[in-house]
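> Sequence:
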Amino acid sequence: MNQLNKWKFTGENGEFELKHPDKSNYLYFPLANEAGMMSAITPRMHGDIKTDQNTFAMRPVSLEDLHNTKSARNFWVSTDQGEVWSATGNSAVQFSQKFTEDNSEEVKLKAGPLWHKITRENSNLNLKSEVLNFVPTNTDIVELMEIKLTNTGSRSTTLTPTAAVPIYGRSADNLRDHRHVTSLLNRIETIDHGVMVKPTLSFDERGHTVNNVSYGVVGATGSGEKPEGFFPIVEDFIGKGGNLEWPETIVDNKDNYLKAGESIDGYEAIGALRFADITLEPGEEVSYIIVIAIDESGGNFAELADKYCNQKSFVYYLDKNKEFWKEKLDTVQVQTGDSEFNNWMKWVTLQPILRRIYGCSFLPSHDYGRGGRGWRDLWQDCLALLLMEPEPVRELLYNNFSGVRIDGSNATIIGSEPGEFKADRNNIRRVWMDHGAWPFLTTKLYIDQSGDLEFLLRDQTYFDAGSNLLDKENNIYQGSIIEHFLVQHLTHFFGVGENNNFLLKNGDWNDGLDMAPEKGESVAFTALYGSNLLELADLFKSLKEKKAIDNIELARELLTLLDTINADVDYDSTEYKNQLLGEYHNRCQDGISGQKIKVSINNLISDLETKGHWIREHLNQNEWLENNAGHNWYNGYYDNDGQRLEGDHSEGTRMTLTGQVFPIMAGIPEDQQIEKIINSVDHYLKDESVGGYRLNTDFNEIKTNLGRLFGFAYGHKENGAMFSHMAVMYSNALYKQGFASAGHEVIDSIYQHCQDFETSRIYPGIPEYINQRGQGMYHYLTGSASWLLLTMVTEVFGVRGELGDLVLDPKLVPSQFDETGRAKIGTIFADKFLNICYINKDKLTAKDYKIKEVKLNDSPIVHEIKDGYAVISREIIEQLDNDSNNQIQVVLN
Numbered sequence: 001m002n003q004l005n006k007w008k009f010t011g012e013n014g015e016f017e018l019k020h021p022d023k024s025n026y027l028y029f030p031l032a033n034e035a036g037m038m039s040a041i042t043p044r045m046h047g048d049i050k051t052d053q054n055t056f057a058m059r060p061v062s063l064e065d066l067h068n069t070k071s072a073r074n075f076w077v078s079t080d081q082g083e084v085w086s087a088t089g090n091s092a093v094q095f096s097q098k099f100t101e102d103n104s105e106e107v108k109l110k111a112g113p114l115w116h117k118i119t120r121e122n123s124n125l126n127l128k129s130e131v132l133n134f135v136p137t138n139t140d141i142v143e144l145m146e147i148k149l150t151n152t153g154s155r156s157t158t159l160t161p162t163a164a165v166p167i168y169g170r171s172a173d174n175l176r177d178h179r180h181v182t183s184l185l186n187r188i189e190t191i192d193h194g195v196m197v198k199p200t201l202s203f204d205e206r207g208h209t210v211n212n213v214s215y216g217v218v219g220a221t222g223s224g225e226k227p228e229g230f231f232p233i234v235e236d237f238i239g240k241g242g243n244l245e246w247p248e249t250i251v252d253n254k255d256n257y258l259k260a261g262e263s264i265d266g267y268e269a270i271g272a273l274r275f276a277d278i279t280l281e282p283g284e285e286v287s288y289i290i291v292i293a294i295d296e297s298g299g300n301f302a303e304l305a306d307k308y309c310n311q312k313s314f315v316y317y318l319d320k321n322k323e324f325w326k327e328k329l330d331t332v333q334v335q336t337g338d339s340e341f342n343n344w345m346k347w348v349t350l351q352p353i354l355r356r357i358y359g360c361s362f363l364p365s366h367d368y369g370r371g372g373r374g375w376r377d378l379w380q381d382c383l384a385l386l387l388m389e390p391e392p393v394r395e396l397l398y399n400n401f402s403g404v405r406i407d408g409s410n411a412t413i414i415g416s417e418p419g420e421f422k423a424d425r426n427n428i429r430r431v432w433m434d435h436g437a438w439p440f441l442t443t444k445l446y447i448d449q450s451g452d453l454e455f456l457l458r459d460q461t462y463f464d465a466g467s468n469l470l471d472k473e474n475n476i477y478q479g480s481i482i483e484h485f486l487v488q489h490l491t492h493f494f495g496v497g498e499n500n501n502f503l504l505k506n507g508d509w510n511d512g513l514d515m516a517p518e519k520g521e522s523v524a525f526t527a528l529y530g531s532n533l534l535e536l537a538d539l540f541k542s543l544k545e546k547k548a549i550d551n552i553e554l555a556r557e558l559l560t561l562l563d564t565i566n567a568d569v570d571y572d573s574t575e576y577k578n579q580l581l582g583e584y585h586n587r588c589q590d591g592i593s594g595q596k597i598k599v600s601i602n603n604l605i606s607d608l609e610t611k612g613h614w615i616r617e618h619l620n621q622n623e624w625l626e627n628n629a630g631h632n633w634y635n636g637y638y639d640n641d642g643q644r645l646e647g648d649h650s651e652g653t654r655m656t657l658t659g660q661v662f663p664i665m666a667g668i669p670e671d672q673q674i675e676k677i678i679n680s681v682d683h684y685l686k687d688e689s690v691g692g693y694r695l696n697t698d699f700n701e702i703k704t705n706l707g708r709l710f711g712f713a714y715g716h717k718e719n720g721a722m723f724s725h726m727a728v729m730y731s732n733a734l735y736k737q738g739f740a741s742a743g744h745e746v747i748d749s750i751y752q753h754c755q756d757f758e759t760s761r762i763y764p765g766i767p768e769y770i771n772q773r774g775q776g777m778y779h780y781l782t783g784s785a786s787w788l789l790l791t792m793v794t795e796v797f798g799v800r801g802e803l804g805d806l807v808l809d810p811k812l813v814p815s816q817f818d819e820t821g822r823a824k825i826g827t828i829f830a831d832k833f834l835n836i837c838y839i840n841k842d843k844l845t846a847k848d849y850k851i852k853e854v855k856l857n858d859s860p861i862v863h864e865i866k867d868g869y870a871v872i873s874r875e876i877i878e879q880l881d882n883d884s885n886n887q888i889q890v891v892l893n
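Residue numbering for the sequence shown follows UniProt numbering, beginning at 1 and increasing consecutively.
Since the hints were made in silico from the structure, they are not lab data. Be careful, since some hints might not be right.
Distance windows between CB atoms, simulated [to be verified]:
#, residue 1, residue 2, range
1, LYS841, ARG394, 32 to 42 Å
2, ALA713, SER593, 49 to 59 Å
3, ASP306, THR79, 26 to 36 Å
4, ALA713, ASN622, 28 to 38 Å
Backbone N, C-alpha and C define an ideal beta-carbon position, used for all residues, glycine too.
Working from the sequences, and respecting the hints, build out all of it.
See below:
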């Protein structure tokens with residue numbers, strides 16, 4: 001058996017190749033467009049094609065389905081010598097040969113954003129196939145597939161070609177529920193170029209409704225010649241005792257196909273298209289174009305065939321595809337001294353776009369159920385969009401605030417349209433305590449990038465039982481974005497457990513901590529909320545200074561929680577806090593009054609600062625620990641018995657990475673404390689075999705008083721895996737506090753591990769986590785990509801906003817500069833594309849260099865040096881031309 005190889009980049013836009021990708025059973029690749037077409041494809045053309053949970057053209061697959069052929073896009077060839085060959089590698093003979101010494105096939109993958117080509121060469125048959133798949137970047141819901149066959153021998157050969165793509169054509173719910181019954185709904189037609197299926201009804205637990213969606217497979221030769229006939233029924237195609245890996249129709253080279261114009265009802269369908277025999281001379285090639293389509297308008301497959309089923313059209317739309325994704329990814333261009341890393345970042349940059357298209361589902365390893373994204377996904381994905389596609393984000397953010405409830409929680413099911421929220425899944429109300437923290441982080445980034453302080457003053461509705469919150473007069477109630485922030489943060493500030501940290505409720509960022517709803521506490525997110533309170537106070541100071549605003553209108557009920565304004569406070573008393581929260585909830589329970597009162601912005605600032613500073617002091621006094629080995633770090637949690645989670649234990653030292661990330665990110669510890677945390681994390685959580693930093697130590701216990709994650713095998717998912725999301729946030733926190741070398745080590749460890757294909761077994765990009773065997777899991781659809789992109793742009797390269805002005809604050813380490821001492825980034829700011837070059841000829845460390853000189857298009861630029869970084873007025877950037885030639889040069893010395 002051939003050894004696995006490392007993938008290698010072959011261009012500057014993320015294109016890569018890999019030998020023998022078929023030796024890894026769990027590889028898959030996304031093919032999609034912005035119109036909603038979502039495909040997954042493997043080296044042997046397995047995978048599925050869909051637009052949502054209820055509209056699958058090919059059979060839905062999960063990770064464990066990828067190593068069978070029930071959902072393979074296949075293309076069969078019968079030779080004049082009686083040989084049968086699958087040009088996509090999906091015959092029983094080829095599969096068995098994979099494990100023998102006489103394997104006669106060489107397989108290579110070439111891929112790029114977002115196209116996928118497999119070359120398969122068979123030395124016994126003297127045949128080579130090139131199978132290229134992509135989804136065009138227009139509004140058509142189609143996947144295109146070109147099969148190119150070449151005679152690599154020294155004599156002519158005659159081939160009988162047959163495309164074969166099973167058509168599932170229904171909801172994923174029907175995979176087991178009513179699978180046969182729903183096949184009775186199928187109305188199958190053979191048309192000029194292929195096979196069309198239009199079920200009469202949608203038949204599932206939503207009810208029985210008339211169906212308007214058609215599914216089809218159409219094709220032609222590269223020169224546009226139609227198929228000769230069709231085998232549209234699965235059981236007829238595979239024959240008696242056959243299967244999709246060895247169908248009787250192909251093995252016996254049967255010609256009892258149907259012509260166009262036939263109808264068959266009530267069976268499982270397959271788009272099996274028989275083409276005319278072709279004789280290839282030595283070196284000669286022939287191509288076939290196959291279109292797999294979903295048509296929600298009823299079945300315009302003749303138009304699709306005319307549009308796509310020839311090689312000229314295929315090449316045209318492939319070129320358009322490459323241009324489209326290049327333009328998308330060029331909005332962030334990272335150029336360090338490592339060209340491999342630069343290309344790898346192209347795929348990281350693509351991942352937030354993929355998650356916007358696919359949600360958290362709809363790729364084989366994402367078993368999050370029925371599609372969509374969660375609340376925190378919604379906000380964290382916007383972090384990347386603010387850097388890549390900033391123009392539509394303002395309204396997107398605004399719409400998202402309508403999902404906030406007046407009690408400080410939020411809707412948990414995100415609809416497909418902006419600002420669309422639905423009731424809690426299965427009517428089970430769950431509250432994740434971290435949800436209130438993310439909207440502020442994302443909005444703060446938006447305001448810093450844009451300078452749009454007025455956004456804080458916009459009124460927005462609240463969510464309530466699937467609709468808008470009403471006041472006691474049954475009028476739709478609206479409050480400012482400021483008010484939404486206060487509701488989210490103040491309700492948590494007063495909702496504390498026995499140890500005076502914010503209640504964990506049904507979990508925080510770590511969904512696996514879901515079994516401590518009564519007494520569980522999240523110290524980690526108490527820290528983040530505390531930081532948010534202080535930064536919110538700073539925003540109010542800016543509002544007062546820049547917009548001359550002295551008062552803010554707020555819901556009367558909210559004054560209960562702004563307690564420092566009218567009363568003495570006792571934040572060390574948990575009883576005091578819980579009593580005030582109870583009073584607030586009682587006042588809001590039957591609908592709020594709708595009355596608003598003006599609050600002095602100075603009083604508001606003072607209240608938030610008092611609360612934020614109390615949190616900082618509380619955590620340093622009560623949650624900073626030292627174990628018997630002399631290591632220091634923060635305790636991150638309390639379990640449902642109110643017991644501290646971390647530190648020394650009879651089953652071994654207990655530590656979580658999350659418990660360190662958010663205090664550091666929030667600026668709770670001093671520099672000496674951060675150094676001690678880094679040492680402790682390196683000692684207890686660093687493990688190069690899994691790509692860096694584990695999420696937690698092995699607790700050696702199923703802690704049913706804290707969360708289901710402890711039931712997972714250690715080293716998998718939330719229980720001790722290298723969870724990219726939290727590891728990248730750890731890096732971000734370290735960079736934010738000036739620990740560039742340690743922050744770089746975290747990102748570099750993930751990157752180096754992902755590059756090691758023999759271990760990671762994933763294509764370029766960052767996975768959600770790395771399991772105990774070092775394999776990347778849940779690839780592509782992960783919030784860690786947004787955080788990595790954010791960290792690279794705003795922390796590593798230090799290109800970010802400060803109330804709309806441009807900040808240049810690099811924290812690049814010496815290895816990130818090229819041989820001439822340069823590191824570059826291209827990014828959008830103030831709607832201008834900027835090419836920023838940092839020059840560090842002496843390869844100094846981030847702690848040693850300062851900004852010496854800043855030039856714009858070779859001329860000195862007016863800037864301010866503030867706390868070691870450069871600030872350039874937004875007005876200067878806005879006056880630049882709208883092209884990509886705006887060069888900013890920064891000399892470091």
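> Decide, hint by hint, whether the structure agrees.
Results for each hint:
1. LYS841 / ARG394: 32 to 42 Å: 41 Å, holds
2. ALA713 / SER593: 49 to 59 Å: Given range 49 to 59 Å: holds, Cβ gap about 52 Å.
3. ASP306 / THR79: 26 to 36 Å: Holds, since ASP306 and THR79 (Cβ atoms, about 31 Å apart) stay within the stated range.
4. ALA713 / ASN622: 28 to 38 Å: 33 Å, holds
Checked against the numbered hints given earlier, this structure breaks none of them.
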